[in-house]
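Here the protein sequences come in this chain order: A and B.
First residue of the first sequence: 1, per the UniProt record's numbering; consecutive thereafter.
First residue of the second sequence: 1, per the UniProt record's numbering; consecutive thereafter.
These are calculated hints, taken from the structure and not from any lab test.
It is possible that some hints are incorrect.
[What the hints assert, rightly or not] Computed, partial: chain B to chain A, Cβ under 7 Å:
id: 1; residue: 85
id: 2; residue: 89
id: 3; residue: 167
[As the list claims (entries may be wrong)] Rough simulated footprint, nothing fancy, chain B against chain A, three-plus residues with beta-carbon under 8 Å:
id: 4; stretch: 80 to 90
id: 5; stretch: 237 to 249
[To be verified] Pulled a few chain B residues facing chain A out of the computed Cβ check, cut under 8 Å:
id: 6; residue: 47
id: 7; residue: 48
id: 8; residue: 247
C-beta: ideal position from N, C-alpha, C; glycine also.
Okay, here's what each chain looks like letter by letter:
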Amino acid sequence: MRDGAVSPSIRLTDLAKSFGSVRAVDGVSLEIADGEFFSMLGPSGSGKTTVLRMIAGFEQPTAGSIELAGQSVTDLPPFARDVNTVFQDYALFPHMSVAQNVEYGLRVKKVKKAERRARAAEALETVRLSHLADRRPTQLSGGQRQRVALARALVNRPKVLLLDEPLGALDLKLRREMQIELKQIQRDVGITFVFVTHDQEEALTLSDRIAVFNDGRIEQVATPRELYQNPKSSFVAAFVGTSNMLTGPAARAVFGREGTLSIRPEKIHLGDVPDPGASTVTGTVREVVYLGSANHYVVDVDMPWAGDAPQLVVMRQNFHDSDDQLSRRGEKVRLAWLPEHVIELPGSSESTPIEETA
Amino acid sequence: MTISRTTKIVLGVLTALVLALVYLPLGMVILNSFNTSSSFSWPPSGLTTNWWHAAWHNPDVRDSLRLSLEVAAMSTVIALVLGTMAALALARYRFFGQDAVSLLIILPIALPGIVTGLAFQNLFRSILNIDLGYWTIVVAHATFCIVTVFNNVLARLRRVGGNLEEASMDLGAGTFTTFRLVTFPALRSALLAGGLLAFALSFDEIIVTTFTAGGGTRTLPLWIYDHMFRPNDAPVVNVVAAALLVLSIVPIWLAQRLSQGEEMVGAR
């Protein structure tokens, strides 16, 4: 925290968790601001869910500490922490109605019946499910269960809401709708959201900031824009969005520089660009992938040597519905990009013997 | 799978034969309990409820029935408490020797009753020096009654998973509140099914009971065994056997209905 006066909503210090000989979380330090929509993004097994479960209190850290609003909660059981969780499989109580599920947290905290009813009704209103209050969870669709789980957590007005891949079980269309709804609800209630996902698009869409997890560690914490434009490691560049990442002689041949270099597919133009500063290469179209709104062209770049040619993926929006302007498989093309769009990543360029092969 | 017409008929006849072999003698027991002839001449010369009346008013039979019900009830209660706790420990925690403990809990149902019986008699009489009676039967029965409860509850806990309990704690409920409001309701029908099976197991058990019952404590199966070779008692023995049959079948039938109902709910 820069000013030190206000405590962050969550502060993790050197958090670690081992299961037997496996280090699931390996020294994670993180500060999440009050009211932030914070995502923990990473492949499965990267430790993001374990961090979430340690914040909730379901797992005891092997080392490190957890603070909520400046208070250490490291040794507190889940029921003594002012956080609530939306589980991946929703974990709704099957023997209770929707309303009873939502009231549960208030009931065990001995809130008076009248207030309980009113607050549960209000929470169900927020997720637009008032009409289903008397149903059982088994009678609801996936999206509806999702909303009940959200209402059940929000009704307690926690300081922090933890969401463990809450949209993972929904189909794509419903997921998009729920993403927008989730974002709106978070703005309305102003609670800190910590959102675990392996879907980079979802993280980019929803988050104020994202922590990218890899192998129990955080690779980078940044805003979605920063993460996409300026990945600080090759893992982040590869995991967030599509990247053309080249190293060694290939990097030298395509970008004219050594190191680990990357460029996003949409930053490469098919054909010439009028800008005199643009870099250009020629190549052959190997594959055309139709994506609906856009096409991906996989291009083999022409090399001064024989052997495996480096490939670049180029994205091109389908502005026109006629395909007469589109390049076809086997066609010779010219690729161009502006040098400022090339991202330099920390890599092992020094160890690659470039001069010998080039 | 499609099978030929001949195979279908052969299989159908075989099934009928086997079922008849099993259930006709049992049906005979019930029918004979209403047979006017005390020597069970066939076909029955007439039907009467005299034997039932006689059995009901026989003080020994009444004592034995009461004892059997009390033993079965107490064994079931002990099995419910211990079986549930053991299942919770094995399903929700990881500890050293877990598989061995699980096997040791299930084993008593497969152990030869005569060995279990001898072992308990030795323990009670020679080592602990206790008089055989109600409690020695209950303890011996509880060892195998636990198994049905344990198996039913464990299967349920595995199916439900630990997520509901985590959700409950997350929402502010402590361990006991979570058990009362979430775990127990999820286990209710499994407990009922396991308990009914345990009750039926204990109610008609004779081998272990033979070794752990004192001279004055005769359960219903023991009473039958004591009187089955006395021709004068034969009609009443038949009535008691018929009653034992019905009282054992009902809980098992109920338990099966319960588990089937659960499966259907779970499949939705």
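Results for each hint:
1. Violation of the interface hint for residue 85/B is found here, the shortest Cβ-Cβ separation to chain A being roughly 21 Å, above the 7 Å cut-off.
2. About 18 Å separates the beta-carbon of residue 89/B from the nearest beta-carbon of chain A, more than 7 Å, and the hint is not met.
3. The beta carbon of residue 167/B comes within 4 Å of a beta carbon in chain A, closer than 7 Å, and the hint placing it at the interface holds.
4. With a cut-off of 8 Å between beta carbons, the stretch 80 to 90 of chain A has 5 residues touching chain B; three or more are needed, and the interface restraint holds.
5. For a cut-off of 8 Å, the count of residues in the stretch 237 to 249 of chain A with a CB near a CB of chain B stands at 0, and the three-residue condition is violated.
6. With its C-beta approaching chain A no nearer than about 48 Å, residue 47/B sits outside the 8 Å limit, and its interface hint is violated.
7. A least Cβ separation of about 50 Å between residue 48/B and chain A goes past the 8 Å threshold, and the interface hint is therefore violated.
8. A cut of 8 Å between beta carbons decides the hint on residue 247/B: the least distance to chain A is about 31 Å, and the hint is violated.
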